[in-house]
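Peer 1: Given next are the chains, with one letter for each unit.
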Amino acid sequence: MATEKQRLMRKVQAEQFAVVEANLYLDSHPTCRNGLEYFETHKAAYEAAVKEYEEKYGPITLAGADCSKRWEWTSTPFPWERGES
Amino acid sequence: MDILDNSAAKGLLGRILDAEDAAPCEGMNCPMPQGAFPKETPVGMAYVPFQKWEKPYDCDAGLSRGTIFPSLDKPFIGEEAVRHGY
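Those sequence lines, one after another, are chains A and B. Residue 27 is where the first sequence starts when you use the numbering used here, and the numbers rise one by one after that. Residue 8 is where the second sequence starts when you use the numbering used here, and the numbers rise one by one after that.
Extracted from the complex, chain A is given alone in its bound form:
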């Protein structure tokens, strides 16, 4: 059974994939209202999913590393530390 962490990561991946698909479609359909709205919606959903994940489980990308108190990037588990992810 997927852990909450895995479920949230899957959401990040699915939303990111939707954004990439919208990007590819919009490259050839730059004024398509449906495509533009889809992009907006899923970009926002992607950013929200990343924010939620990073608040709970640490940074996904360097940009997400909270460095207010300590350099979180190397203190949270790496993806290959199986026990963790």
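Hint data in this document are derived by calculation from the structure and do not stem from the laboratory. For every residue, glycine included, the Cβ atom is placed at its ideal position computed from N, Cα and C.
Heads up, simulated DSS-like pairs for lysine-lysine below, C-alpha to C-alpha not over 30 Å straight-line: (1) B/59 to B/17; (2) A/31 to A/77; (3) B/46 to B/17; (4) B/81 to A/69; (5) A/37 to B/62; (6) A/77 to B/62; (7) B/59 to B/81; (8) A/95 to A/82; (9) A/37 to A/82; (10) A/82 to A/31; (11) B/62 to A/69; (12) A/69 to A/31; (13) B/17 to B/81; (14) B/62 to B/81; (15) A/95 to A/37; (16) A/69 to A/37; (17) B/59 to A/69; (18) B/59 to A/37; (19) A/77 to A/37; (20) A/37 to B/81; (21) A/95 to A/31.
Pair ranges (Cβ atoms, derived): (22) A/94 to B/84: 46 to 54 Å; (23) B/57 to A/66: 17 to 25 Å; (24) A/87 to B/43: 43 to 51 Å; (25) B/60 to A/96: 43 to 51 Å; (26) B/79 to A/94: 38 to 46 Å.
Since the structure of chain A is already known, use the hints to place chain B on it.
Peer 2: For chain B alone, kept in the frame of chain A given last:
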């Protein structure tokens, strides 16, 4: 028996050649229709139909299928992925 006529056993090419808006060549009673493209379309080139927006998959399903667009979801599984369609 006109080979273009047995509409029952029409394959993909047969259906394209029979496209309703096909108009025979001007002035000649030539059986070969013009096909579905505008008159000024150069011959001898390949054309891809332009994709239209459609209701996408839910994005989790899209991630699994490798596309959010149902019409692009064509897994090459060694058989006709889209039944009776092309």
